[in-house]
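Visitor: These are the residues of each chain, in order.
There are 2 protein chains.
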Amino acid sequence: MSRQMVRPGGRSARVQEAVHTAVKELAAEVGRDALTVPLIAQRAGVTPSTVYRRWGDLQVLLSDVAVERLRPDTEPEDHGDLASDMAAWAEQFLDEMSSPSGRAYIRDALLGDPDGNNAGQCSTYAAEQVETIRIRAAERGEDAPDTETVLDHVVAPIMYRILFRPQGLSPAYARRLVADMLG
Amino acid sequence: MSRQMVRPGGRSARVQEAVHTAVKELAAEVGRDALTVPLIAQRAGVTPSTVYRRWGDLQVLLSDVAVERLRPDTEPEDHGDLASDMAAWAEQFLDEMSSPSGRAYIRDALLGDPDGNNAGQCSTYAAEQVETIRIRAAERGEDAPDTETVLDHVVAPIMYRILFRPQGLSPAYARRLVADMLG
DNA sequence: CACCTTAAAGCGAATTTCTTGCGTCTGTGC
DNA sequence: GCACAGACGCAAGAAATTCGCTTTAAGGTG
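Protein chains in written order, with the numbering used here: chain S, 14 to 196; chain Y, 14 to 196.
Read the hints as simulated data drawn from the structure, not as lab findings.
Backbone N, C-alpha and C fix where the C-beta goes; we use that ideal spot for every residue, glycine too.
Just to be clear, a hint being listed does not mean it is correct.
[To be verified] Interface residues of chain Y toward chain S, partial, derived using beta-carbon atoms under 7 Å:
hint, residue
1, Arg-178
2, Pro-179
3, Gly-181
[Claimed, not checked] For each label pair, taking beta carbons as the anchor points, the in silico distance ranges come out as:
hint, chain 1, residue 1, chain 2, residue 2, range
4, S, Ala-140, Y, Asp-108, 43 to 51 Å
5, S, Gly-69, Y, Glu-141, 19 to 27 Å
6, S, Pro-61, Y, Arg-27, 44 to 52 Å
7, S, Pro-61, Y, Pro-61, 21 to 29 Å
[What the hints assert, rightly or not] Facing chain Y, according to a computed beta carbon distance under 7 Å, are these residues of chain S, among others:
hint, residue
8, Gly-58
9, Val-59
10, Pro-61
11, Tyr-65
12, Leu-124
13, Gly-125
14, Tyr-138
15, Thr-162
16, Asp-165
17, Ala-169
18, Pro-170
19, Arg-178
20, Leu-182
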């Protein structure tokens with residue numbers, strides 16, 4: 014997603030699609046750690062050298078796929094007021110991100126990402142979700158903190174703890190962060 | 014550092030030392046991306062299989078070395094009051110961590126770290142620095158926030174932005190985080 | 001619509017890296 | 001000292017990555 018915006022409708026696109034699909038299927042079948050470039054290439058019906066040329070190495074490829082998977086698939090739920098929306102969203106965010114698979118995707122996304130584009134995309138996803146909640150709050154006439162403030166006070170602590178202090182994360186922590194920010 | 018506390022004075026220790034040194038030297042000479050296990054092993058005067066057996070793969074080894082390098086080498090400076098101490102430390106922390114090499118070390122530390130011990134060690138380093146500042150404040154009779162609070166409000170946002178939003182980090186940002194927390 | 005240009009994929013050989021089994025050596029504890 | 005256990009060296013085999021060259025297909029042009 015981050016580095017091959019070329020010839021959108023052509024063969025390149027089909028190859029990328031096939032390779033990404035192969036990664037997801039094989040990850041489910043044989044496990045994330047058993048993935049290799051030749052294995053993926055075979056499943057995708059492509060030669061290994063194609064993968065090496067396009068992505069450079071396995072980590073970059075996994076990073077691209079991980080970002081796809083970290084894209085939120087639903088809008089934040091509407092609970093009627095800003096505090097509830099934010100608390101519920103933070104709780105769900107923490108829950109998804111701190112799951113074993115979530116943590117693996119985050120690490121993969123960071124891993125093969127020389128210029129930080131993929132990681133940046135993850136942050137953008139979170140910012141978009143927050144924006145949705147803010148707009149909803151504004152329509153109700155509520156006063157909401159900046160998106161940047163939410164990133165600093167809620168998203169950043171959650172991600173920091175997931176990455177650096179895997180112990181002792183609970184839904185209550187997410188709610189407390191939100192409450193502290195809004196209070 | 015995280016997985017071989019074996020036979021401290023013996024051959025194991027010498028091998029570990031030699032390999033770590035080789036990694037640092039070669040990283041400086043040929044660049045982080047050109048490192049390979051055989052290359053490192055040769056420089057360290059050991060066989061590649063030794064490295065593979067001890068560390069598993071290159072990423073785990075680089076993770077160990079990165080954690081060593083992320084250990085703070087000095088105590089936080091004393092500026093006479095909590096706010097100044099904290100602001101100066103945060104500024105230096107951001108400066109060191111957001112440099113190209115700092116970011117590379119952080120990523121390496123996270124990378125080859127199956128059980129999260131190395132990443133946890135990074136967090137512990139930061140916590141220790143914060144503790145030093147808090148104790149100093151307490152001796153002056155100042156009221157200081159919890160270490161956990163500092164991690165959430167200062168360290169986490171800085172690390173989040175370094176990892177996920179490499180753009181637009183400035184010393185002022187670190188100072189603002191501290192001011193917001195203490196205010 | 002046929003032709004040209006060019007980026008990307010295929011292919012296979014050469015190179016490099018990784019894995020593994022087995023024998024040897026070196027600390028450690030008795 | 002002496003025996004045990006853990007770690008290393010060595011070497012062979014398997015797997016991966018890289019590289020030069022050829023072929024294919026998309027997109028543009030007359």
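Visitor: Any hints from earlier that this structure breaks? Give me their numbers in increasing order, please.
Guide: 3, 4, 5, 6, 8, 9, 10, 11, 13, 14, 15, 20
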